[in-house]
Amino acid sequence: MQALKIQVVVDDAIVHALPALSPLRGQRVELIALGEAEPPAGVAPVAGGLRGQFEIKDDFDAPLPQDIRRAFEGDER
17 MQALKIQVVV
27 DDAIVHALPA
37 LSPLRGQRVE
47 LIALGEAEPP
57 AGVAPVAGGL
67 RGQFEIKDDF
77 DAPLPQDIRR
87 AFEGDER
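Per the numbering used here, the sequence shown starts with residue 17, numbered consecutively.
Derived by calculation from the structure, the hints in this document are not laboratory data. Just to be clear, a hint being listed does not mean it is correct.
Cut-off 25 angstroms, straight-line C-alpha distance, at most; resulting in silico cross-link-like pairs (DMTMM-like, lysine to aspartate or glutamate) [claimed, not checked]:
1. 73 with 89
2. 21 with 52
3. 21 with 46
4. 73 with 83
Small disclaimer: the values here were computed from a predicted structure and weren't measured.
Just need the whole structure built from these sequences, with the hints factored in.
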């Protein structure tokens with residue numbers, strides 16, 4: 017079993033998703049979600065499921081042009 021534990025302040029978005037938490041609006045709470053270790057059937061991607069639907073160019077992994085690389089790195093000089 018997998019568990020996820022988070023601490024949140026109950027706001028309108030949380031009450032919208034989980035109406036039972038309405039009495040706790042504005043309070044900090046700890047939410048614990050428990051789930052199965054195995055994903056449900058049909059969630060895993062199918063190998064080759066997109067075959068033939070798009071084309072990867074030969075230069076896909078070529079270095080980016082300098083201006084684009086700098087933009088990604090936050091240096092737009």
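Hints and how they fare:
1. 73 with 89: Measuring from Cα to Cα gives roughly 24 angstroms; hence the hint holds.
2. 21 with 52: 15 angstroms, holds
3. 21 with 46: 7 angstroms, holds
4. 73 with 83: 21 angstroms, holds
Checked against the numbered hints listed earlier, the structure breaks none of them; every hint is satisfied.
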